[in-house]
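Q: Using the sequences plus the hints, can you model the full thing?
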Amino acid sequence: MADLDIENNSFISDSIADVTNQVLDVEVLKAFEKVKSADGSDFVIELIDLYLHGTPQRIQAIREAAVQKAWVLLKRTAHTIKGSSSTLGIHRVGKTWKLQA
Amino acid sequence: MSQFHVTFKELTPNRVLIADDDPVLTHLLATILKQQQCESVVANDGREAYRILQADSRFRAAILDMSMPFLEGLDLIHYMRSEKRLMRIPIMMITAEKDIKLMSDSFSAGATAFLPKPFTAEQLESAIRMLIGNRKAVKRSN
Chain A
1 MADLDIENNS FISDSIADVT NQVLDVEVLK AFEKVKSADG SDFVIELIDL YLHGTPQRIQ
61 AIREAAVQKA WVLLKRTAHT IKGSSSTLGI HRVGKTWKLQ A
Chain B
1 MSQFHVTFKE LTPNRVLIAD DDPVLTHLLA TILKQQQCES VVANDGREAY RILQADSRFR
61 AAILDMSMPF LEGLDLIHYM RSEKRLMRIP IMMITAEKDI KLMSDSFSAG ATAFLPKPFT
121 AEQLESAIRM LIGNRKAVKR SN
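Residue numbers (our numbering), protein chains in the order written: chain A, 1 to 101; chain B, 1 to 142.
Hints are not guaranteed to be accurate.
Cβ pair distances, simulated, as ranges [as the list claims (entries may be wrong)]:
1) W71/A <-> K98/B: 34 to 44 angstroms
2) G133/B <-> R63/A: 38 to 48 angstroms
3) E39/B <-> S41/A: 12 to 22 angstroms
4) R63/A <-> N14/B: 33 to 43 angstroms
5) F70/B <-> A66/A: 14 to 24 angstroms
6) R129/B <-> Q68/A: 37 to 47 angstroms
7) Q60/A <-> F70/B: 13 to 23 angstroms
8) N14/B <-> D39/A: 17 to 27 angstroms
Calculated from the structure, these hints are not laboratory results.
For each residue, glycine too, the CB sits at the ideal point set by N, CA and C.
A: Laid out in structure tokens, this is it:
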């Protein structure tokens, strides 16, 4: 644990870094920085946008599948969330859905 | 009298079939393939991929997700390896599972490569380079 250094905010930033590393492996995203998007836009941002756009829809689909007891659909949708999470280094989400799947 | 030697070289299409229901991964794959001068044809589930393959065999390679709606990746491999016009297309399987049996089943069915998630950009690029460079017959199934 970092020493409390109010002036430099080191305690706070180290704590945030600890939590962030448990949830998101930034190195995985950094590795995609060298991939160039077709139109020159930021490729990592494109991937994150796709993830943020698609995941809430999938979570809703899982809720609906649970109500309808459509277990195969539920498992497959959870599997997709797990896959895209692990592709982007969002390991905690990936592990959570692994437990569910 | 001079002789002319004409060599007919089979043109390998620079098109790759991607079958995956994860838009994050299909975008990633399509972008890396474009960097390697390959055009992507994207199917969002196994049934869509099957329909594309029924009508079109001009693919340099296929990248298939193991678990997809309607038709699994393994079923698509079996189909491709049973069709003469598709059996030479190299196939890479991508899966979120690090499962030895899945890997073994994929190779037994006729997959050329197997890439478990998570992978780095370098690993993916390297696997794709290997896949699209693979022009040998890849039929392994009975």
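Q: Which of the listed hints are broken here?
A: 1
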